[in-house]
Amino acid sequence: GFKGRIDITVKVTGIQSLNGSQPCLSVGDIIPIEVKTGKIFGNGGLEHRAQSMMYSMVIENRYHVKAENSILLYLKDRGQAVLVKSSKYDIFAFIESRNKLICALQSETQNLPTFAETANSCTFCPVSDACHLFALENGQTFPFPSKIPNTLRCNSIDIEFFKKWNNDTMCEVNKSLKNRTPDLPAIQPSLLDPSDVISHAVLKEQTQFGHFWLLKFHRQNSEYNITSENAFSKNTSICVSSFVIGSIHNVDKKVPKILLMGIVHEINSKLGVVTIKMENPLSDEYLGFEFEIKLMKTTSVSYLPLTFLTDLFTNKSDNSMWIRDFIVNNRPPTFSNDQILQKDSDLYKEVTKFFGSTMSISHISAINHCIRAENYALLWGLPGTGKTTTVSAILYMLYLLGKKILVTSHTNAAVDNILLKLLKFDVPFLRIGKMNSVHSDIKQHTLDHILNSKSSWELQDYQNLINQHRIFATTCLGVKNSIFERLKFFDVCIVDEATQVHLPLILGSLNLSKSFILVGDHHQMSPLVLSKKSSLLKQ
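Note that UniProt numbering has the sequence shown beginning at 1, numbered continuously upward.
Since the hints were made in silico from the structure, they are not lab data. Honestly, I wouldn't trust all of these hints.
What the hints assert, rightly or not - Now the in silico label distances, taken between C-beta atoms and shown as ranges:
hint, residue 1, residue 2, range
1, Pro126, His211, 35 to 41 Å
2, Ile340, His523, 27 to 33 Å
3, Tyr63, Ser437, 36 to 42 Å
4, Asn268, Met321, 51 to 57 Å
5, Phe425, Ser336, 36 to 42 Å
To be verified - Here are the simulated lysine to any residue pairs, SDA-like style, with alpha carbons at most 20 Å apart:
hint, residue 1, residue 2
6, Lys66, Lys39
7, Lys533, Glu292
8, Lys216, Leu282
9, Lys66, Phe92
10, Lys11, Lys204
11, Lys434, Lys403
12, Lys403, Asp491
13, Lys353, Asn337
14, Lys11, Leu25
15, Lys480, Lys216
16, Lys443, Lys403
17, Lys204, Phe92
18, Lys36, Gln22
19, Lys175, Ile102
20, Lys387, Ser357
21, Lys39, Asp7
22, Lys270, Glu205
23, Lys163, Glu292
24, Lys403, Asn337
25, Lys443, Gln460
26, Lys403, Ile432
27, Lys39, Val27
All C-beta atoms, glycine included, are put in the ideal place defined by N, C-alpha and C.
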């Protein structure tokens, strides 16, 4: 709804009056139609009517015409339609709600609203379990406990743990949001970082590409020098797989109107051509127009630590209970008695290939320790002792043992350093992340690169691609990629440079695995703390 993706937009070309009644529409009116797959309730639910009225406002803003009417079409009621007429009072209500929302978002501390008055309000609420958790944190009693079957029962230790990390994480989130640069889609290019903008890009052609469309733009102005294979213009941060928006080049410097949103599909630096993949084409009237293409930055990832922290105390994962047992209650890890790396075994011979002459008894001991872990293991080492090589060897051993492994870290560089050592052993892995953030030697193993190699993908092809791999690598933020919803659980999760990551952010990776290995050095760099109000500064 907020994206303004209207199902159908129609123009009234004729009116037939029924029984001499006065028609509500006029010839020439532009009407948004919102299609609903369900049944109608009354004269259309409040949320449905509000959405259709919002689309009327979008039509007025887009086409500069008066649009007071919209239509709700309900398919399960044999296509019954409801005409929704918006008034100035509805517009005032929208603006008032918008202003309340902005005030709440700008506040450093957000007060939760009062509980719903009826139990039915909680029946289909997607956050009722989280609501219960926040109520416990504030010392309140949730009024409808029967409506929260997914909530795990929390004791006083759990609540104190959640309260501490929730407060610190909220401080960090609010500080990071205040520090960010404006990322409004319609911001003037002059206010943006020049590396985030490609100007004077002329739309030359549009071609269908499977279920998508490819829009090809040519750089018009010769003053921009093409400098590298991965850059469209000098010092640009826009590259393949970047999410971009585009607007017509404004000579009068007014705020531009966004016409396209898509993913950069291909860049030809020598010819000065950039191709953008979109769900739908633009109108042919825009062929030959100059566009400004801007990198679209989002801040939704800032809230991921809060999501991961809440999931730990709610039944969002089968792992939640045992992870809480080890992290919150400090239960010690357990290990099997098997000595997997016997000196004359095939696995031992494979390990020696990683280290060569630098292999020591401590390396073998560390690998054995981590492989035998039944729930979790900690791996600590001083700088220069070969932690990265050891982690790569552990990853390789787990792969040879038939395990499915997730590799994460706070930075892309740390993840890639582990994978680079696997390349010479021809170990297949799938790297999840933007191609412009991945090491050049690993780009061919990225999910984006593989998906872009074919014009279209069937669902089964996508699932087969996932089934072909047992090693998946991404950053701690990258675990929210939709591909992980199809992977269910990993046997082991390895977190490198774990001491540089805030605890709530690591939880997202741990929740996907049956066991985990944390690697780092607590005497080196600690996690970056932005907020002076955070108690993390005292630790």
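Consistency of the hints with the structure:
Taking 35 to 41 Å as the suggested C-beta distance range, the pair Pro126 and His211 does not conform, at roughly 29 Å. The beta-carbon spacing between Ile340 and His523, approximately 30 Å, falls within the hinted interval of 27 to 33 Å. Taking the beta carbon of each, Tyr63 and Ser437 are about 39 Å apart, inside 36 to 42 Å as hinted. In this structure the supplied range 51 to 57 Å holds for Asn268 paired with Met321, their Cβ-Cβ distance being about 53 Å.
Between Phe425 and Ser336 the Cβ separation comes to about 25 Å, which falls outside the hinted range of 36 to 42 Å. For the hint linking Lys66 to Lys39, the alpha-carbon distance of about 29 Å lies beyond 20 Å, and the restraint is violated. About 40 Å separates the Cα atoms of Lys533 and Glu292, which puts this hinted pair outside 20 Å; it is violated. A threshold of 20 Å between alpha carbons decides the hint, and for Lys216 with Leu282 the separation of about 12 Å falls inside it, so the pair holds.
Proximity of Lys66 to Phe92 is assessed by CA-CA distance (about 17 Å); at most 20 Å being required, the pair is judged to hold. Pair hint Lys11 plus Lys204 does not hold up; C-alpha atoms about 28 Å apart against a cutoff of 20 Å. The suggested pairing of Lys434 with Lys403 is violated, with an alpha-carbon distance near 26 Å, which exceeds 20 Å. Restraint check: the Cα-Cα separation between Lys403 and Asp491 comes to about 6 Å, which is no more than 20 Å; the hinted pair holds.
Between Lys353 and Asn337 the CA atoms are separated by roughly 25 Å; this puts the pair beyond 20 Å, and the hint is violated. Only pairs whose Cα atoms come within 20 Å are accepted, and Lys11 paired with Leu25 is accepted, the gap being roughly 10 Å. Restraint check: the Cα-Cα separation between Lys480 and Lys216 comes to about 31 Å, which exceeds 20 Å; the hinted pair is violated. Annotation: proposed proximity of Lys443 to Lys403 is violated, straight-line Cα distance about 24 Å (limit 20 Å).
The straight-line distance between the Cα atoms of Lys204 and Phe92 is roughly 42 Å, outside the 20 Å bound, and the hint therefore fails. Taken as a hint, the Lys36 and Gln22 pair is broken in the structure, with Cα atoms around 27 Å apart against an allowance of 20 Å. Only pairs whose Cα atoms come within 20 Å are accepted, and Lys175 paired with Ile102 is accepted, the gap being roughly 16 Å. Distance hint between Lys387 and Ser357 is fulfilled; the C-alpha atoms sit about 16 Å from each other, no more than 20 Å.
Our distance criterion of 20 Å between C-alpha atoms is met by Lys39 and Asp7, whose separation comes to about 17 Å. The hinted pair formed by Lys270 and Glu205 meets the criterion: a straight-line CA distance of about 18 Å does not exceed 20 Å. At roughly 46 Å between alpha-carbon atoms, Lys163 and Glu292 are farther apart than 20 Å, so this suggested pair is violated. For a cut-off of 20 Å, the pair hint linking Lys403 to Asn337 stands: about 18 Å separates their Cα positions.
A threshold of 20 Å between alpha carbons decides the hint, and for Lys443 with Gln460 the separation of about 24 Å lies outside it, so the pair is violated. Of the pairs offered as hints, the one joining Lys403 and Ile432 holds, with about 19 Å between alpha carbons and a cut-off of 20 Å not exceeded. Simply put, Lys39 and Val27 have alpha-carbon atoms about 29 Å apart, too far for the 20 Å limit, and the pair is violated.
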